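Model the full assembly from the supplied sequences, consistent with the hints where possible.
Residue numbers (my numbering), protein chains in the order written: chain A, 1 to 329; chain B, 330 to 619.
Just so you know, these hints were derived from the structure itself, not from any lab.
Just so you know, these numbers come straight off a predicted model, no measurement behind them.
Quick reminder that beta carbons are idealized off the backbone N, C-alpha and C, glycines included.
Some hints could be false.
Derived coverage of chain B by chain A (criterion: at least 3 residues anywhere in the stretch with Cβ under 8 Å from a Cβ of chain A; other residues may be distant) [unchecked claim]: (1) 353-359; (2) 436-445; (3) 451-460; (4) 606-618.
The residues making up each chain are set out below.
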Amino acid sequence: MTSGDPRGAARPETHAEVGAGAAVSSSGLTKRFRGGQVAVDGVDLAVPSGSVYGFLGPNGSGKTTTIRILLGLISPTSGSCELLGGAIPDRAASVLPRVGALVEGPAFHPYLSGRANLRRLDAADRAAHPATCDARIGQALDRVGLAAAAGKKYRAYSLGMRQRLAIAAALLQPRELLILDEPTNGLDPQGTREVRALISNLAASGVTVMLSTHLLSEVEQICSHVGVMHLGKLVAQQPLAELRAATAARVSIETDAPDKASATLRRLGFTEVAPTSGGVTAEAGELPPEKVLSELVYDGVPVRGFAVATPDLEDVFVSLTGEGFDVSG
Amino acid sequence: MSAADATAGVVTGAASAPWRRLSTRFLRSELGLVFGRRRNQVALAILAAVPVIIAVAVWWSAPPSGRGPNLIGAVSGNGVYVALAALGAELGLFLPLAVAAVASDAIAGEANQGTLRYLLTVPVGRARLLAVKYAGVLAYALAATLLVAAVGVAVGVAFFGGGEMILLSGSQIGFLPALGRVALICGYITACLAAVGALGLFVSTLTEQPVGAAIAVVVFTISNQILGTIPQLEPIHPYLMTHWWYGFGDLLRAPIATSSVGPGLLSAGIYTAVFLAAAWARLGSRDITS
Numbered sequence: 001m002t003s004g005d006p007r008g009a010a011r012p013e014t015h016a017e018v019g020a021g022a023a024v025s026s027s028g029l030t031k032r033f034r035g036g037q038v039a040v041d042g043v044d045l046a047v048p049s050g051s052v053y054g055f056l057g058p059n060g061s062g063k064t065t066t067i068r069i070l071l072g073l074i075s076p077t078s079g080s081c082e083l084l085g086g087a088i089p090d091r092a093a094s095v096l097p098r099v100g101a102l103v104e105g106p107a108f109h110p111y112l113s114g115r116a117n118l119r120r121l122d123a124a125d126r127a128a129h130p131a132t133c134d135a136r137i138g139q140a141l142d143r144v145g146l147a148a149a150a151g152k153k154y155r156a157y158s159l160g161m162r163q164r165l166a167i168a169a170a171l172l173q174p175r176e177l178l179i180l181d182e183p184t185n186g187l188d189p190q191g192t193r194e195v196r197a198l199i200s201n202l203a204a205s206g207v208t209v210m211l212s213t214h215l216l217s218e219v220e221q222i223c224s225h226v227g228v229m230h231l232g233k234l235v236a237q238q239p240l241a242e243l244r245a246a247t248a249a250r251v252s253i254e255t256d257a258p259d260k261a262s263a264t265l266r267r268l269g270f271t272e273v274a275p276t277s278g279g280v281t282a283e284a285g286e287l288p289p290e291k292v293l294s295e296l297v298y299d300g301v302p303v304r305g306f307a308v309a310t311p312d313l314e315d316v317f318v319s320l321t322g323e324g325f326d327v328s329g
Numbered sequence: 330m331s332a333a334d335a336t337a338g339v340v341t342g343a344a345s346a347p348w349r350r351l352s353t354r355f356l357r358s359e360l361g362l363v364f365g366r367r368r369n370q371v372a373l374a375i376l377a378a379v380p381v382i383i384a385v386a387v388w389w390s391a392p393p394s395g396r397g398p399n400l401i402g403a404v405s406g407n408g409v410y411v412a413l414a415a416l417g418a419e420l421g422l423f424l425p426l427a428v429a430a431v432a433s434d435a436i437a438g439e440a441n442q443g444t445l446r447y448l449l450t451v452p453v454g455r456a457r458l459l460a461v462k463y464a465g466v467l468a469y470a471l472a473a474t475l476l477v478a479a480v481g482v483a484v485g486v487a488f489f490g491g492g493e494m495i496l497l498s499g500s501q502i503g504f505l506p507a508l509g510r511v512a513l514i515c516g517y518i519t520a521c522l523a524a525v526g527a528l529g530l531f532v533s534t535l536t537e538q539p540v541g542a543a544i545a546v547v548v549f550t551i552s553n554q555i556l557g558t559i560p561q562l563e564p565i566h567p568y569l570m571t572h573w574w575y576g577f578g579d580l581l582r583a584p585i586a587t588s589s590v591g592p593g594l595l596s597a598g599i600y601t602a603v604f605l606a607a608a609w610a611r612l613g614s615r616d617i618t619s
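Okay, structure coming up:
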């Protein structure tokens with residue numbers, strides 16, 4: 001690659017603060033809009049190369065502003081960021097051709113067909129070879145299942161088709177990094193599955209994917225890493241497995257003798273024992289579940305139901321970002 | 330990095346796009362977009378209808394016998410004058426309006442649709458985007474002017490014949506040299522419209538509403554013309570954008586005069602440069618939140 005690798009041996013110290021092999025990194029990234037509103041507040045991103053990074057956060061938490069800064073659309077008030085080792089916005093011209101992006105929903109010329117819209121984007125790309133244009137467009141349309149509707153005018157597309165076209169635009173070139181803002185928004189269930197499979201395939205082929213989404217099931221299915229935004233701050237960032245391990249599993253016992261059950265659980269060394277509507281729950285310890293059950297029965301607790309539940313990502317997410325329904329201001 | 334640095338970074342980031350290959354693909358795509366758009370085609374059709382209306386009206390009111398040295402008389406004597414009459418009639422509002430509509434759409438239209446953010450992340454450098462957009466505006470201005478002239482000449486010759494043309498200085502030139510004069514006038518008018526286009530491009534970087542931008546440009550153009558009619562404001566008249574527009578009469582003299590066309594070209598050049606610089610300053614540092 002002619003642009004060289006800035007993380008190479010020539011200047012190792014310069015980027016020491018940036019995790020080696022980070023496809024996306026930022027330090028102290030802050031954006032204060034003219035009204036004084038701080039949309040992004042000291043965000044230190046580190047998206048490892050080859051990861052599928054779920055970028056989560058409630059509406060208005062600063063995800064999209066962060067993504068816009070990463071793509072050079074908005075200049076940060078302070079802080080810096082890099083994509084694929086090149087500083088944004090200084091190296092945007094050499095870095096962005098290797099990045100496919102979907103920002104805040106699809107946007108195309110309504111009176112052009114899907115294919116014509118892709119041709120226009122390709123024409124604007126200096127890095128794109130004109131001779132392979134039609135082949136690449138055909139391939140991208142095939143990958144998102146839009147080949148049959150490629151000749152229709154964009155304005156006649158459904159939301160799902162528009163979303164597919166935007167993904168096709170991100171795939172016009174072989175990319176090293178995809179930044180996808182809610183890629184499955186508006187897709188039907190089949191489309192959602194296809195897009196998830198597509199993202200997984202791309203990730204398997206070595207593409208780093210930064211995926212902003214509200215759908216926690218999506219994150220659980222395809223993400224290896226998670227970053228959670230709340231009120232402009234990055235409140236958590238770690239491998240998904242670690243994030244989930246940090247919140248312990250709980251046992252819950254359905255019984256009409258909760259006091260007896262609580263006593264047994266305490267005797268067995270369980271912590272955070274608490275009554276529920278139909279029984280008792282406690283933080284699961286080292287003891288295997290079948291052992292717990294036999295001890296309960298031995299103590300004469302009438303057990304109606306027994307379950308060990310790992311908190312789902314939604315619980316983790318809510319514990320990080322709060323319960324409130326209101327959007328972040 | 331300070332805010333100022335960050336802003337400057339956007340500017341240099343856009344300007345320092347690596348040269349790969351001199352390609353006209355993006356320009357051709359832009360031209361396709363401008364000329365392929367139904368609205369712009371309708372505008373061209375309306376512009377082209379004016380010389381036809383003029384020719385029919387003159388032919389109806391004054392059969393080709395010719396009575397006086399006025400424009401109507403001149404038209405009825407020579408078809409080429411239909412083109413000049415049409416250009417003169419449309420220079421006040423129709424031509425600037427058509428150019429304003431296209432120029433205002435250049436950035437504001439893309440921003441309004443959201444396509445601006447996708448162009449910039451392709452990436453298209455902001456300077457390159459402005460250059461290509463302005464080239465599209467210029468092409469449309471030139472095409473509109475040439476279309477009016479061509480239709481004017483064609484209809485004029487059909488109705489009144491293509492004989493000798495009497496110049497403002499009194500001498501006569503043949504049909505082909507007359508076409509040459511018309512071509513020169515088209516060039517001059519396009520230069521004047523280039524300033525309108527640059528203004529439109531600048532306003533287009535300020536807003537996400539293309540219609541609002543077009544209205545602003547037309548209001549500016551018309552208020553210039555109104556100021557130009559107020560005698561008490563004579564000291565500022567030479568500095569108005571529209572003041573020299575009708576100076577193209579210079580090009581209908583033998584030899585060609587430059588007393589109006591010279592300052593007119595200078596004025597158009599300065600207005601164009603100032604508005605393009607303003608457009609660049611604005612777009613180069615703007616946060617794209619659309």
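Okay, the hints, checked on the actual structure:
1. Coverage of a stretch by a chain is defined here by at least three residues with a beta carbon nearer than 8 Å to that chain's beta carbons; for the segment 353-359 of chain B and chain A the count is 4, and the condition holds.
2. Given a C-beta distance limit of less than 8 Å, the hint that chain A covers the segment 436-445 of chain B holds, as 3 residues qualify and 3 suffice.
3. As drawn, the segment 451-460 of chain B meets chain A at 4 residues by the rule of a beta-carbon pair under 8 Å; at three or more, the given contact holds.
4. For a cut-off of 8 Å, the count of residues in the segment 606-618 of chain B with a CB near a CB of chain A stands at 4, and the three-residue condition holds.
Consistency note: the structure conflicts with none of the earlier hints.
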